[in-house]
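Trainee: In order, the protein sequences belong to chains Z and U. The first sequence runs contiguously to residue 846 in the working numbering. The second sequence runs contiguously to residue 115 in the working numbering.
Some hints could be false.
To be verified - Straight-line alpha carbon distances no greater than 30 Å define the calculated DSS-like cross-link-like pairs of lysine-lysine that follow: (1) Z:Lys796 <-> U:Lys62; (2) U:Lys62 <-> Z:Lys794; (3) Z:Lys771 <-> Z:Lys794; (4) Z:Lys750 <-> Z:Lys771; (5) U:Lys60 <-> Z:Lys771; (6) U:Lys20 <-> Z:Lys750; (7) Z:Lys785 <-> Z:Lys744; (8) Z:Lys772 <-> U:Lys62; (9) Z:Lys772 <-> U:Lys74; (10) Z:Lys794 <-> U:Lys20.
Honestly, the hints are just simulated from the structure, not real lab data. Nothing here was measured: the structure is a model prediction, and the numbers come from that model.
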Amino acid sequence: GAVVSQHPSRVICKSGTSVKIECRSLDFQATTMFWYRQFPKKSLMLMATSNEGSKATYEQGVEKDKFLINHASLTLSTLTVTSAHPEDSSFYICSARDSTGGGPQHFGDGTRLSIL
Amino acid sequence: SQKIEQNSEALNIQEGKTATLTCNYTNYSPAYLQWYRQDPGRGPVFLLLIRENEKEKRKERLKVTFDTTLKQSLFHITASQPADSATYLCALDNSSASKIIFGSGTRLSIRP
């Protein structure tokens with residue numbers, strides 16, 4: 731089956747640090763990758779949609795300068811949380827789709843980000 | 004605005020019984036409806052997809068129904084087991100938007 735690898739699984743760092751999270755599709759080419767944020771006992775909140783080679787589309791209220799997304803290839807997307815602060819602490823999850831329209835999303839196992 | 008509601012935040016049932024989870028939506032015309040399972044600290048895992056022109060879909064002990072008139076989907080797990088305990092998310096996809104909207108999930112607990 732389609733596998734998405736997300737790394738790192740956990741990050742603890744000081745306020746002001748920038749943190750990069752990688753999302754890779756291991757056995758398929760992802761036409762589209764998605765980045766979500768999830769608060770405890772809440773649903774997935776879509777942050778942005780990224781297509782390979784083009785700028786990411788951010789959801790309303792998500793700061794594009796704060797959450798930098800790069801989708802350099804059909805198998806890799808990165809999310810960089812710049813100058814992270816405690817309020818950025820959350821569970822970040824990526825997903826990838828191997829088809830347009832109707833296909834399921836394949837999720838990574840998430841990154842638990844804790845900013846001290 | 005578009006809204007998806009999973010009626011129960013939590014559901015507790017006895018092992019062996021059928022678990023039924025509900026997903027309702029408003030202001031949306033999905034072409035597809037999907038169900039995912041999420042375990043604590045993990046990413047969601049895709050379970051089933053049903054199209055707008057399908058009434059029912061089955062996979063092993065899972066059954067999904069999709070009523071576009073009622074704007075509702077039901078997700079059933081028959082002969083439930085403690086290992087089925089997890090949060091279940093419904094998700095709507097209208098295909099053209101290229102993104103999926105998720106419900107808030109139902110936390111299912113199966114007691115032995």
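Trainee: Decide, hint by hint, whether the structure agrees.
Mentor: Results of checking the hints against the structure:
Taken as a hint, the Lys796 of chain Z and Lys62 of chain U pair is broken in the structure, with Cα atoms around 42 Å apart against an allowance of 30 Å. Restraint check for Lys62 of chain U and Lys794 of chain Z: the C-alpha separation of about 40 Å exceeds 30 Å, so the hint is violated. Pair hint Lys771 of chain Z plus Lys794 of chain Z holds up; C-alpha atoms about 25 Å apart against a cutoff of 30 Å. Note on Lys750 of chain Z and Lys771 of chain Z: the hinted pairing holds, with a Cα-Cα distance of about 25 Å set against a maximum of 30 Å.
At roughly 28 Å between alpha-carbon atoms, Lys60 of chain U and Lys771 of chain Z fall within 30 Å of each other, so this suggested pair holds. Between Lys20 of chain U and Lys750 of chain Z the CA atoms are separated by roughly 45 Å; this puts the pair beyond 30 Å, and the hint is violated. Annotation: proposed proximity of Lys785 of chain Z to Lys744 of chain Z holds, straight-line Cα distance about 29 Å (limit 30 Å). The straight-line distance between the Cα atoms of Lys772 of chain Z and Lys62 of chain U is roughly 27 Å, inside the 30 Å bound, and the hint therefore holds.
Distance restraint check for Lys772 of chain Z and Lys74 of chain U: the Cα-Cα separation of roughly 22 Å lies within the 30 Å cut-off, and the hinted pair is therefore satisfied. A C-alpha spacing of about 47 Å is found between Lys794 of chain Z and Lys20 of chain U, which places the hinted pair above 30 Å, so the restraint is violated.
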